[in-house]
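> Each chain, letter by letter, is given below.
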Amino acid sequence: NAGVTQTPKFRVLKTGQSMTLLCAQDMNHEYMYWYRQDPGMGLRLIHYSVGEGTTAKGEVPDGYNVSRLKKQNFLLGLESAAPSQTSVYFCASSYPGLPRGEQFFGPGTRLTVL
Amino acid sequence: AQRVTQPEKLLSVFKGAPVELKCNYSYSGSPELFWYVQYSRQRLQLLLRHISRESIKGFTADLNKGETSFHLKKPFAQEEDSAMYYCALTGSTGGFKTIFGAGTRLFVKA
Chain W
1 NAGVTQTPKF RVLKTGQSMT LLCAQDMNHE YMYWYRQDPG MGLRLIHYSV
51 GEGTTAKGEV PDGYNVSRLK KQNFLLGLES AAPSQTSVYF CASSYPGLPR
101 GEQFFGPGTR LTVL
Chain P
1 AQRVTQPEKL LSVFKGAPVE LKCNYSYSGS PELFWYVQYS RQRLQLLLRH
51 ISRESIKGFT ADLNKGETSF HLKKPFAQEE DSAMYYCALT GSTGGFKTIF
101 GAGTRLFVKA
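The listed protein sequences derive, respectively, from chains W and P.
Residues 1 to 114 (our numbering) are what the first sequence spells out, left to right.
Residues 1 to 110 (our numbering) are what the second sequence spells out, left to right.
Calculated from the structure, these hints are not laboratory results.
Everything numeric in this text was worked out from a predicted model, so none of it was measured.
Glycine included, each C-beta is placed from N, C-alpha and C at the ideal position.
Keep in mind that a hint or two might mislead.
Unchecked claim - Here are the simulated distance ranges between beta carbons: (1) P:Leu-10 x W:Glu-59: 23 to 29 Å; (2) W:Lys-70 x P:Ile-56: 29 to 35 Å; (3) P:Glu-80 x W:Pro-39: 24 to 30 Å; (4) P:Gln-2 x W:Pro-107: 24 to 30 Å; (5) W:Gly-63 x P:Gly-66: 38 to 44 Å; (6) P:Gly-58 x W:Met-27: 25 to 31 Å; (7) P:Lys-15 x W:Asp-62: 43 to 49 Å; (8) W:Met-27 x P:Thr-60: 25 to 31 Å; (9) P:Leu-10 x W:Lys-57: 30 to 36 Å.
As the list claims (entries may be wrong) - DSSO-like mimics (lysine-lysine), calculated; alpha carbons at most 27 Å apart, straight line: (10) P:Lys-9 x P:Lys-57; (11) P:Lys-15 x P:Lys-109; (12) P:Lys-109 x P:Lys-73; (13) W:Lys-57 x W:Lys-71; (14) W:Lys-70 x W:Lys-57; (15) W:Lys-57 x W:Lys-14; (16) P:Lys-22 x P:Lys-65; (17) P:Lys-97 x W:Lys-57; (18) W:Lys-9 x P:Lys-97; (19) P:Lys-22 x P:Lys-57; (20) W:Lys-9 x P:Lys-9; (21) W:Lys-70 x P:Lys-97; (22) W:Lys-71 x P:Lys-97; (23) W:Lys-71 x W:Lys-9; (24) P:Lys-73 x P:Lys-15.
Let's have the full structure, built from the sequences with the hints guiding it.
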């Protein structure tokens, strides 16, 4: 099992460009999450999904969109990147029956917006 | 406001010394607390959860509701314990929001 994978690992964008981050999990987990981590701060929840075809806003959703067309994939989109979105992005997954705070994390994507 | 505070950004101890990583929280309901660890070049992974009252890799953590703390302790630190440690909190009512602290980097010196 690869667990949770994220594509790409690194990316540099110019202000105004768009991109999509892909998260994939092969554990058949229902729940998937996108977080961002900024220097000196904890992970903050951007969006999450409790199942295929459903998404919900987290703590810091502005400037991002998500889609969960397949159970194993959770996409995070930036329509018009801004320097404030420079961050490390983590995807995570979990399943019903686990405590909510118990999640399986991907390796992260380091995004720089110039 | 819901908050997790890890007051130390960096904690440096000698091998064999006791270590305590502090975590304080603010939460109006009944929380569930967790410790995550991230070793160098590895992904974030769960270390332990307060509801299990377990010891993992020699680490323990006790939830103190009176002091709203969940400090992580190990009596004898090892060099391989060097990592980033994050304290995290969720509510027990089933919501999906997990609050993470900013993390403490533990450096165990030989």
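> Now, for every hint given, state plainly whether the structure supports it.
Results for each hint:
For the pair Leu-10 of chain P and Glu-59 of chain W, the beta carbons lie near 26 Å from each other, so the given range of 23 to 29 Å is met. Taking 29 to 35 Å as the suggested C-beta distance range, the pair Lys-70 of chain W and Ile-56 of chain P conforms, at roughly 34 Å. The hint said 24 to 30 Å for the Cβ distance between Glu-80 of chain P and Pro-39 of chain W, and at roughly 26 Å that hint holds. In this structure, Gln-2 of chain P and Pro-107 of chain W meet the distance hint of 24 to 30 Å, their C-beta atoms being roughly 27 Å apart.
For the pair Gly-63 of chain W and Gly-66 of chain P, the supplied restraint of 38 to 44 Å holds, since their beta-carbon distance comes to about 40 Å. As the Cβ distance of Gly-58 of chain P to Met-27 of chain W is approximately 28 Å, the hint placing it in 25 to 31 Å holds. At about 46 Å, the CB distance of Lys-15 of chain P to Asp-62 of chain W agrees with the hint of 43 to 49 Å. Hint check: Met-27 of chain W to Thr-60 of chain P, Cβ distance near 28 Å, so the stated range 25 to 31 Å holds.
Roughly 34 Å separates the CB atoms of Leu-10 of chain P and Lys-57 of chain W, a value that falls within the hinted 30 to 36 Å. Proposed proximity of Lys-9 of chain P and Lys-57 of chain P is supported: the alpha carbons are some 22 Å apart, at most 27 Å. With a C-alpha separation of about 6 Å, the suggested pair Lys-15 of chain P and Lys-109 of chain P falls inside the 27 Å cut-off, and the hint holds. Between Lys-109 of chain P and Lys-73 of chain P the alpha-carbon distance is near 17 Å, which keeps this suggested pair within the 27 Å criterion.
Restraint check for Lys-57 of chain W and Lys-71 of chain W: satisfied, since their Cα atoms lie roughly 18 Å apart, inside the 27 Å limit. For the given pair, Lys-70 of chain W sits about 18 Å from Lys-57 of chain W by alpha-carbon distance, which is consistent with the 27 Å threshold. For a cut-off of 27 Å, the pair hint linking Lys-57 of chain W to Lys-14 of chain W stands: about 25 Å separates their Cα positions. A C-alpha spacing of about 14 Å is found between Lys-22 of chain P and Lys-65 of chain P, which places the hinted pair at or below 27 Å, so the restraint holds.
Straight-line distance between C-alpha atoms of Lys-97 of chain P and Lys-57 of chain W comes to about 10 Å, which keeps the hinted pair within the 27 Å bound. Annotation: proposed proximity of Lys-9 of chain W to Lys-97 of chain P holds, straight-line Cα distance about 25 Å (limit 27 Å). Restraint check for Lys-22 of chain P and Lys-57 of chain P: the C-alpha separation of about 18 Å stays at or below 27 Å, so the hint holds. With a CA separation close to 26 Å, the supplied pair Lys-9 of chain W and Lys-9 of chain P stays within the 27 Å bound.
A distance of roughly 22 Å separates the Cα atoms of Lys-70 of chain W and Lys-97 of chain P; the hinted pair therefore holds under the 27 Å criterion. Only pairs whose Cα atoms come within 27 Å are accepted, and Lys-71 of chain W paired with Lys-97 of chain P is accepted, the gap being roughly 20 Å. A C-alpha spacing of about 22 Å is found between Lys-71 of chain W and Lys-9 of chain W, which places the hinted pair at or below 27 Å, so the restraint holds. Of the supplied pair hints, the one linking Lys-73 of chain P and Lys-15 of chain P holds, its CA atoms being roughly 14 Å apart against a limit of 27 Å.
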